[in-house]
Amino acid sequence: MCNIRLVIIKCDLHLQIGLKCLSSSLQVVIWNQYPFKALPLDVQLDELVYLEMRNIKIEKLWNGTNFFRKLKHINLSDSNDLIESPDISGVSNLKELYLEHCTKLVKVHYSVGLHKKLEKMSFCGCLSLETLPSKMEMCSLKYLNLSICTNLRRLPNFDETMKCLSELYLKFCSNLVSLPNTISNLKSLKVLNITGCDTIDRLPTNINENKALEDLDMNYTSIREIDSSLFHLENLKRLSFQGCSGPSYKPQCKLLTPLWNCWREIYQIINTESLILPRSISNLSSLTSLDLRYCKLKSLPEDIGHLPSLELLDLRGNVDLTLHLASIANLSKLRVLSFDGNMNGSRTLLPTHVFIYLQDSSEDVSVVNGPKLWKLFKSYCNDDEHIEV
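Each residue of the sequence shown is one higher than the last, beginning at 1 in our numbering.
Any given hint could turn out to be false.
Stated by the list, open to error - Beta-carbon label-pair distances, calculated as ranges: (1) S280 x K116: 50 to 60 Å; (2) V319 x C11: 15 to 25 Å; (3) I83 x S280: 39 to 49 Å.
To be verified - Think about it this way: if two alpha-carbon atoms lie no more than 25 Å apart in a straight line, the pair counts; the simulated SDA-like pairs of lysine to any residue are: (4) K117 x S140; (5) K333 x R238; (6) K95 x S188; (7) K237 x N175; (8) K104 x P133; (9) K72 x H101; (10) K237 x N145; (11) K187 x S128; (12) K187 x Y110; (13) K104 x C139; (14) K142 x P180; (15) K60 x G90; (16) K211 x K60; (17) K37 x I83; (18) K57 x N32; (19) K10 x H101; (20) K95 x D159.
In case anyone wonders, no lab produced these hints; they're calculated from the structure. Just so you know, even glycine gets a beta-carbon here, dropped at the ideal spot from N, CA and C.
Whenever a hint applies, use it, and build me the whole structure from the sequences.
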């Protein structure tokens, strides 16, 4: 067994005599439900490349600095006894770190924020996580997921060296009060998702410096007024404000992301103010998808008809909004219009080949034939909506 290179155990395995050592030749270890509370003492895994130990009982993977120079992947997800991420200063070639749904994890070791090779990192569902490294100088990081870290109150400053980060997910970080101004240092950021961050009421005023941003989700936040700087993002393709109408007080519901309908109902009950869209929205020349569901809109900016690339416009849930079709008649690329309020004007004003989706309506809707158009429409609909053709 001295030269064994691969271990895969995905069951609750009991070893009556314990575990005294591991082969130093191991390259891949996948041992879920590892039954012991510590790794063997003086473990030497110089050849290890891939380590996956999900749902384990260990509080700390190792103490101090261990040197695993070939290790590229660590996954300790679903380990509810883990209280701190490992010191990875000796894991110089690590590329992926996943500690998802580790519900007792309180702290991320400072070495993580200084790592130069790490590309993907996720702490999604770490409900107790309070502290991230004060310095984030991760020059290779491309993907960061902190969604459902409900105890996280602030983000660290992002260093100018973090030019590779392209995806940042902060969904349902319900105690996160703001985004740091240093988010502007993320020059490659393409996706920013703060859905369900109900204590965030504004974006940084320098958000316009994130020139690469393409996809921005701000659903069910407390954002009510949109700073005009947002509308100078020339590469923005998808913008979602669903449920943004400025809550009058913070919801006390502690249910998390799977209960999406709960969030929708709560916000509709307690929100009395409507989202305010500035006229400068017409500056978003690359925007293809605009989601304004449940924003309590009473009117649309006159310039909304001057979005040259817009294909999908969703206005459902705005019961006080009367849609004047003439105002969107110039949307030459519009393909899908979703609405459940009152329409003013003839549909002949709309561009040809527009699919009009009227939710909860008994009115007949004519559908333009074409598999490409229908595929586009289905991809846009929510998973919980049943579509029949």
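Taking the hints in turn, this is what the structure says about them:
The given range of 50 to 60 Å is broken by S280 and K116, whose C-beta atoms sit roughly 39 Å from each other. Between V319 and C11 the beta carbons are some 53 Å apart, a value that contradicts the proposed interval 15 to 25 Å. At about 47 Å, the beta-carbon gap between I83 and S280 stays in the expected band of 39 to 49 Å. Restraint check for K117 and S140: satisfied, since their Cα atoms lie roughly 5 Å apart, inside the 25 Å limit.
Taking the CA atoms of K333 and R238, the gap is near 15 Å; set against the 25 Å cutoff, the hint holds. Taken as a hint, the K95 and S188 pair is honoured in the structure, with Cα atoms around 18 Å apart against an allowance of 25 Å. Note on K237 and N175: the hinted pairing is violated, with a Cα-Cα distance of about 28 Å set against a maximum of 25 Å. Distance hint between K104 and P133 is fulfilled; the C-alpha atoms sit about 17 Å from each other, no more than 25 Å.
Note on K72 and H101: the hinted pairing holds, with a Cα-Cα distance of about 21 Å set against a maximum of 25 Å. Taking the CA atoms of K237 and N145, the gap is near 21 Å; set against the 25 Å cutoff, the hint holds. Straight-line distance between C-alpha atoms of K187 and S128 comes to about 30 Å, which puts the hinted pair past the 25 Å bound. A distance of roughly 23 Å separates the Cα atoms of K187 and Y110; the hinted pair therefore holds under the 25 Å criterion.
In summary, the hint linking K104 to C139 is not supported, as the alpha carbons are separated by about 28 Å, beyond the 25 Å threshold. Annotation: proposed proximity of K142 to P180 holds, straight-line Cα distance about 18 Å (limit 25 Å). With a C-alpha separation of about 15 Å, the suggested pair K60 and G90 falls inside the 25 Å cut-off, and the hint holds. For the hint pairing K211 with K60, the CA-to-CA distance comes to about 40 Å; that exceeds 25 Å, so the pair is violated.
Between K37 and I83, the direct Cα distance comes to roughly 13 Å. Compliance with the 25 Å bound is thereby established for this hinted pair. Distance restraint check for K57 and N32: the Cα-Cα separation of roughly 10 Å lies within the 25 Å cut-off, and the hinted pair is therefore satisfied. A hinted pair counts as satisfied when its Cα atoms are at most 25 Å apart, and K10 with H101 qualifies at roughly 18 Å. For a cut-off of 25 Å, the pair hint linking K95 to D159 stands: about 19 Å separates their Cα positions.
Violated hints for the displayed structure, listed by number in ascending order: 1, 2, 7, 11, 13 and 16.
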